[in-house]
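Asker: Top to bottom, those sequences are chains A and B.
Residue numbers for the first sequence follow our numbering, beginning at 1 and rising by one.
Residue numbers for the second sequence follow our numbering, beginning at 1001 and rising by one.
Derived from the structure by calculation, the hints contain no laboratory data.
Built from N, CA and C at the ideal position, the CB exists for glycine as well.
Do not rely on the hints blindly, as some may be mistaken.
Anything over 12 Å on all C-beta distances counts as not near chain B; from chain A, calculated [to be verified]:
(1) 22
(2) 41
(3) 47
(4) 85
(5) 113
(6) 210
(7) 221
(8) 240
(9) 267
Straight-line C-alpha distance at most 30 Å; calculated BS3-like pairs for lysine-lysine [what the hints assert, rightly or not]:
(10) 1034/B to 38/A
(11) 235/A to 38/A
(12) 299/A to 289/A
(13) 289/A to 302/A
(14) 302/A to 1034/B
(15) 235/A to 289/A
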Amino acid sequence: MKAAFDPVTLATPFFIVAIVLEIVLARLGRARAAYEAKDTAVSLLMGLGSTVAGVLTAGAVFAATLWAHQHRLFDIPMTAAWAWVAIFFLEDLTYYWFHRLSHERRFWWASHVNHHSSQHYNLSTALRQTWTGGVAGTWLLWLPLAFLGFPPAMIAIEKGISLVYQFWIHTETIRRLPAPIEAVFNTPSHHRVHHARNPRYLDKNYAGILIIWDRLFGTFEPERDDEPCRYGIVKNLGDFNVLRAAFHEWIGIGADLLRVRSPREALGYLFGPPGWSPDGSRQTSAMIKARWRARMQEKAAKPAEADPAAASETV
Amino acid sequence: MSWAFLLQTLASAAAIAILVGFTAWARISRAPPKLDAAGALRVLADEFPDASPATPWIAADGAGAVARSGDEALMIFRLGDGFVARAAPWARVAASPVVAGRLTVRLDDPGAPRIRLLTGDGASPFGEGAAS
Ligand SMILES: [Zn+2]
Ligand SMILES: [Zn+2]
């Protein structure tokens, strides 16, 4: 069930026009954008499938939100300007923690990984949305807003605004925005870092609209001109199969659970960081970062052999 | 699900088909050049920075490579305009069969369950008598 005013539905024609424009500009050599037809197809089909999956779980999500609102602590009027300011910040803070959880714990990563599964970064990548978010239950994180007293329609609209905002930042066409904007808002530059698989950039910049949360909670990483983003996931997918993009991590969890030898292992596979394994034979992003830091330190210790840019690196 | 939603979904599917066709027509992406040993080692160094791969075997169509690093086989193969990489125990890769002219390596990995690399002569490059 959607609010009568749904920012995402309203913005869909704009999404299509913007993608066409980005492709045309890239074709004319006026913009930097890498589009691969099959990759674009997967992104767009993920977007379409996501709206269908969303409709299937929307009833339950709306009922839960309504229930929370019926037990609200305060009466927050949808007509008050202060209420919109408050929900803007609170929804964005909720998004930050939802997004961080979605990267740091495998159960929720399984539903979010598809958004990162493209090796490209363009406006179509923004539409590569989850099919399994409803099942993963991350929508529960927004219930406290209803419990506080924000009307369900207001929460739905603000979530929609956040999703629409995050569309335009999926581009390589815009390099950097003026410093005050880069300081406060999530921008193409900040979100490129979020989509990069370079060890330095892994699990950084979880922001929705405001980058201030990353600065506040220690997950901010600026994009560096001397280290271009390499997009995708640590182990990129082996084909352009949309079902694989949607379900591969869930299948991986299932296969691991069939082999567990103790409840501890089961918990680790389900709720440990992505890449967790009982014997440490796989790599979590913390392990990847630690090895990268060690390499950098090694290079810095042998400046004569290393290239000068890497040797001057501080880690 | 209402008729309106079904209609909206069908319209979106049509829009996707047109957009993908447009992307294909625009031909912005360029397939990477065929791999040679140096090119493969560059990709392998990016993907496996801790490894020290030996001289790689290059697939006959230049779309993939395998290099040994200790007990591991480091594999790369082209996907679209990029590459995908995986590592597997060397023994498993060396024992992998050739199916329809392609070395076919099965992996325990739902993200890439199978890697298929074109052999020149239909024989495994790492099989009996082959140099590894
Ligand atoms: Zn993410
Ligand atoms: Zn994104």
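Asker: None of the hints should be skipped; say for each whether it holds.
Answerer: To see whether the hints hold, each was checked on the structure:
1. Annotated as non-interface, residue 22/A brings its C-beta within 12 Å of a C-beta of chain B; the closest such distance is 10 Å.
2. A beta-carbon of chain B is positioned within 12 Å of the beta-carbon of residue 41/A; the least distance is around 4 Å.
3. A cut-off of 12 Å between C-beta atoms contradicts the statement that residue 47/A is not in contact with chain B; the least separation is 8 Å.
4. Interface exclusion of residue 85/A from chain B stands, the closest Cβ pair being 33 Å apart, more than 12 Å.
5. At roughly 9 Å from the closest C-beta of chain B, the C-beta of residue 113/A falls inside 12 Å, breaking its exclusion from the interface.
6. The beta carbon of residue 210/A is kept farther than 12 Å from every beta carbon of chain B, the shortest such distance being approximately 30 Å.
7. A cut-off of 12 Å between C-beta atoms confirms that residue 221/A is not in contact with chain B; the least separation is 19 Å.
8. Not every CB of chain B is more than 12 Å from the CB of residue 240/A (nearest about 7 Å), against its label as outside the interface.
9. For residue 267/A, the requirement that its beta carbon stay farther than 12 Å from each beta carbon of chain B is met, with the minimum near 21 Å.
10. Of the pairs offered as hints, the one joining residue 1034/B and residue 38/A holds, with about 20 Å between alpha carbons and a cut-off of 30 Å not exceeded.
11. Taken as a hint, the residue 235/A and residue 38/A pair is honoured in the structure, with Cα atoms around 19 Å apart against an allowance of 30 Å.
12. For the proposed pair residue 299/A and residue 289/A, the alpha carbon gap of about 15 Å is at most 30 Å, so the pair holds.
13. Among the hinted pairs, residue 289/A with residue 302/A is consistent with the structure: their alpha-carbon atoms are about 20 Å apart, no more than 30 Å.
14. Of the pairs offered as hints, the one joining residue 302/A and residue 1034/B is violated, with about 34 Å between alpha carbons and a cut-off of 30 Å exceeded.
15. Between residue 235/A and residue 289/A, the direct Cα distance comes to roughly 15 Å. Compliance with the 30 Å bound is thereby established for this hinted pair.
Hints 1, 2, 3, 5, 8 and 14 from the earlier list are contradicted by this structure; the remaining hints agree with it.
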